[in-house]
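So the sequence lines, in the order shown, correspond to chains U and A.
Sequential numbering from 1 applies to the first sequence in our numbering.
Sequential numbering from 1 applies to the second sequence in our numbering.
Hint data in this document are derived by calculation from the structure and do not stem from the laboratory.
Treat each hint with caution, since some may be false.
Identical chains share a label here; the pair holds if one copy fits it or two copies do between them.
Straight-line alpha carbon distances no greater than 20 Å define the calculated DMTMM-like cross-link-like pairs of lysine to aspartate or glutamate that follow [said to hold, decoys possible]:
| no. | residue 1 | residue 2 |
| --- | --- | --- |
| 1 | 35 | 74 |
| 2 | 35 | 45 |
| 3 | 35 | 184 |
| 4 | 101 | 184 |
| 5 | 35 | 115 |
| 6 | 101 | 12 |
Below, each chain spelled out in residue letters.
2 protein chains.
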Amino acid sequence: MSERSDIDALIELMARLPGLGPRSARRAVLHMIRKRGLILNPLSELMATVAATARECLNCGNIGTSDICAICADERRSNGILCVVEDVADLWAMERAGVFKGRYHVLGGTLSALDNIGPEELGLPRLRDRVPSEEITEVILALNATIDGQTTAHYIADLLEGQVTLTSLAQGVPIGGELDYLDDGTITAALNARKAI
Amino acid sequence: MSERSDIDALIELMARLPGLGPRSARRAVLHMIRKRGLILNPLSELMATVAATARECLNCGNIGTSDICAICADERRSNGILCVVEDVADLWAMERAGVFKGRYHVLGGTLSALDNIGPEELGLPRLRDRVPSEEITEVILALNATIDGQTTAHYIADLLEGQVTLTSLAQGVPIGGELDYLDDGTITAALNARKAI
Ligand SMILES: [Zn+2]
Ligand SMILES: [Zn+2]
Chain U
1 MSERSDIDAL IELMARLPGL GPRSARRAVL HMIRKRGLIL NPLSELMATV AATARECLNC
61 GNIGTSDICA ICADERRSNG ILCVVEDVAD LWAMERAGVF KGRYHVLGGT LSALDNIGPE
121 ELGLPRLRDR VPSEEITEVI LALNATIDGQ TTAHYIADLL EGQVTLTSLA QGVPIGGELD
181 YLDDGTITAA LNARKAI
Chain A
1 MSERSDIDAL IELMARLPGL GPRSARRAVL HMIRKRGLIL NPLSELMATV AATARECLNC
61 GNIGTSDICA ICADERRSNG ILCVVEDVAD LWAMERAGVF KGRYHVLGGT LSALDNIGPE
121 ELGLPRLRDR VPSEEITEVI LALNATIDGQ TTAHYIADLL EGQVTLTSLA QGVPIGGELD
181 YLDDGTITAA LNARKAI
């Protein structure tokens, strides 16, 4: 049915989003079409706005709408503590918990020989530079408890040894668990019970 | 973080789609932002196009881009056989199987005293009118094997008794199963083995 080509193209594109497949994309598109005033039109407009304005913070890797994100621009968050996370979703999870008052460094992944991801790709030289320039005294490694996450944590520990106090989220992070799956209370507990590496 | 308001609004709207929740919406939005040229911009444009062009077929209830859908407009599909489905997603599933050559009637739901859905809401008077006007000799009831689906099938059987041969999808539809979950081969088998009610 050639007349359905735009609808089919929309379904195909939606099916490429994480967490959606062809079937859920079809359901989502039918739902959007039925609620076009409430969902489809606003979604289209918001996506255009976000596509035009969203950018990665040049300092920390967070996603916001300016070259320097609101957290990096906020002088009150320059408290000498930096929290290193793998992904922007992890940073957002920390912010939802609302307990951390310092700044972040988003790696955008973990070291992985298999995927050719080295220190440069993760912005680790930039992390090292931030320590003196932002007078960082403590770096919290809030990385996932995966093999690659722990390998990356060890690399950063070596990189920053003697320059800062290194801590890691402790209590409450389940073995093999991922930060973005945790509830705010668990993140708060893990942050409050952080221990020296 | 006020600068994130558009991103937050986008996440909130995405989270309202069926099959997505807050967490998968956040993941999807981060993914879209990273792939804005490949996903976010095309999605925004396709959504605007679909919002402007998608409409329900006045004859059968299918969703397309004209008042009369491609199936209803195709004279070759006027073969005297009508397939009644609950949802447009079910019609699409039948079309993917590619074995049915007649036309459809989309109910948009099932009879439900609880939800105040009666024959009018499902377009059943229109279905009855289509039988003589489109010279229908067989009506296939491809409804889901749920209580409400079967109640609706019985209502339609009474409504059309003596006017057409009534059949239902038979082999392969699992008890309590929904049409849109089935693979094409199962749908084909069920259609080929349809039996008189
Ligand atoms: Zn930043
Ligand atoms: Zn139609």
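Structure-based check of each hint:
1. For a Cα distance limit of 20 Å, the shortest separation of residue 35 from residue 74 qualifies neither inside one copy, at 39 Å, nor across copies, at 28 Å.
2. Taking the closest pair of Cα atoms, residue 35 and residue 45 come within 20 Å of each other both inside a single copy (15 Å) and across two copies (17 Å).
3. Taking the shortest Cα distances, residue 35 and residue 184 never come within 20 Å of each other, neither inside one copy (32 Å) nor across copies (29 Å).
4. In the homo-oligomer, the alpha carbons of residue 101 and residue 184 lie at most 20 Å apart inside one protomer (15 Å), although the nearest pairing across protomers, at 54 Å, exceeds that limit.
5. Taking CA atoms no more than 20 Å apart as the test, residue 35 paired with residue 115 passes between copies only; the shortest distance there is 19 Å, against 41 Å inside one copy.
6. In the homo-oligomer, the alpha carbons of residue 101 and residue 12 never lie at most 20 Å apart, since the shortest distance is 41 Å inside one protomer and 25 Å across protomers.
The structure fails hints 1, 3, 6 (numbered hints given earlier, in ascending order).
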